[in-house]
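Put together the whole structure using the sequences plus the hints.
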Amino acid sequence: MRIKNTSRYPNGDILRLVEFASKGTSSERVEIHVKNSKWAFAGRAWHDVGNSSIIKVDDKIDDLIVVRIGSPDKFPMTFKYPGLKRAPKYTLNNWKEAIVSLTAHELYHIKQRRTRKRASEIKAETWAMKKLKEYRNIV
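When you line the sequence shown up against this note's numbering, it's residues 1 to 139, in that order.
These aren't lab readings, by the way, just hints derived from the structure by calculation.
Note that the coordinates shown come from a computational prediction; the quantities given were computed from them, not determined experimentally.
Please note that the accuracy of each hint is not assured.
Per label pair, the in silico range of CB-to-CB distance [as the list claims (entries may be wrong)]:
hint, residue 1, residue 2, range
1, Met77, Asn137, 19 to 27 Å
2, Glu28, Lys56, 14 to 22 Å
3, Lys56, Ile138, 32 to 40 Å
4, Asn36, Pro76, 12 to 20 Å
5, Lys80, Arg136, 17 to 25 Å
6, Arg136, Gly12, 14 to 22 Å
7, Ser26, Lys133, 15 to 23 Å
8, Arg116, Pro10, 35 to 43 Å
9, Lys4, Asp73, 21 to 29 Å
10, Asn51, Ser26, 17 to 25 Å
11, Met77, Asp13, 14 to 22 Å
12, Ile54, Asn93, 33 to 41 Å
13, Pro72, Asn137, 19 to 27 Å
14, Asn11, Gly83, 31 to 39 Å
Mimicking DSS-like on lysine-lysine, the simulated pairs with C-alpha atoms at most 27 Å apart in a straight line are [claimed, not checked]:
hint, residue 1, residue 2
15, Lys130, Lys96
16, Lys60, Lys85
17, Lys56, Lys85
18, Lys117, Lys89
19, Lys111, Lys4
20, Lys35, Lys60
21, Lys130, Lys56
22, Lys38, Lys117
23, Lys111, Lys23
24, Lys133, Lys56
Glycine included, every Cβ here is placed at the ideal spot set by N, Cα and C.
What follows is the structure, given as structure tokens:
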């Protein structure tokens, strides 16, 4: 896993949070970009970017995740994935929790693709909540 931080937050914190969020999913050959956002958070996973003429990454990278995190004043924030009745509703208390949950969510989509499972936002959100609870138990 390769992590690139261009956000307002300290590199050391970002590295620890992303590495924590990645436990339990396959993060080999994944590049994760952590950037600033004008919203509380936003994320996206791209698959097979090594073959893309638009997205440029190292030859050793297959998948790219972009995690965008807003300023500290955006938190706490209560969120429920829009349009999904069964999606969990949860509160992110700060930017660190947002990094953990969003990174875990997007990495779960990478896992779904690599295991040829159907992409499921509900399962990705459920996994993200599991990782968020684990994180809250250690801080």
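Checked hints:
no. : hint                        : in the structure
1   : Met77 to Asn137: 19 to 27 Å : holds, 21 Å
2   : Glu28 to Lys56: 14 to 22 Å  : holds, 20 Å
3   : Lys56 to Ile138: 32 to 40 Å : holds, 36 Å
4   : Asn36 to Pro76: 12 to 20 Å  : holds, 19 Å
5   : Lys80 to Arg136: 17 to 25 Å : holds, 19 Å
6   : Arg136 to Gly12: 14 to 22 Å : holds, 20 Å
7   : Ser26 to Lys133: 15 to 23 Å : holds, 21 Å
8   : Arg116 to Pro10: 35 to 43 Å : holds, 37 Å
9   : Lys4 to Asp73: 21 to 29 Å   : holds, 25 Å
10  : Asn51 to Ser26: 17 to 25 Å  : holds, 19 Å
11  : Met77 to Asp13: 14 to 22 Å  : holds, 19 Å
12  : Ile54 to Asn93: 33 to 41 Å  : holds, 36 Å
13  : Pro72 to Asn137: 19 to 27 Å : holds, 22 Å
14  : Asn11 to Gly83: 31 to 39 Å  : holds, 35 Å
15  : Lys130 to Lys96             : holds, 15 Å
16  : Lys60 to Lys85              : violated, 38 Å
17  : Lys56 to Lys85              : violated, 37 Å
18  : Lys117 to Lys89             : holds, 24 Å
19  : Lys111 to Lys4              : holds, 20 Å
20  : Lys35 to Lys60              : holds, 22 Å
21  : Lys130 to Lys56             : violated, 32 Å
22  : Lys38 to Lys117             : violated, 32 Å
23  : Lys111 to Lys23             : holds, 12 Å
24  : Lys133 to Lys56             : violated, 34 Å
Against the hints set out earlier in the document, violations occur for numbers 16, 17, 21, 22 and 24.
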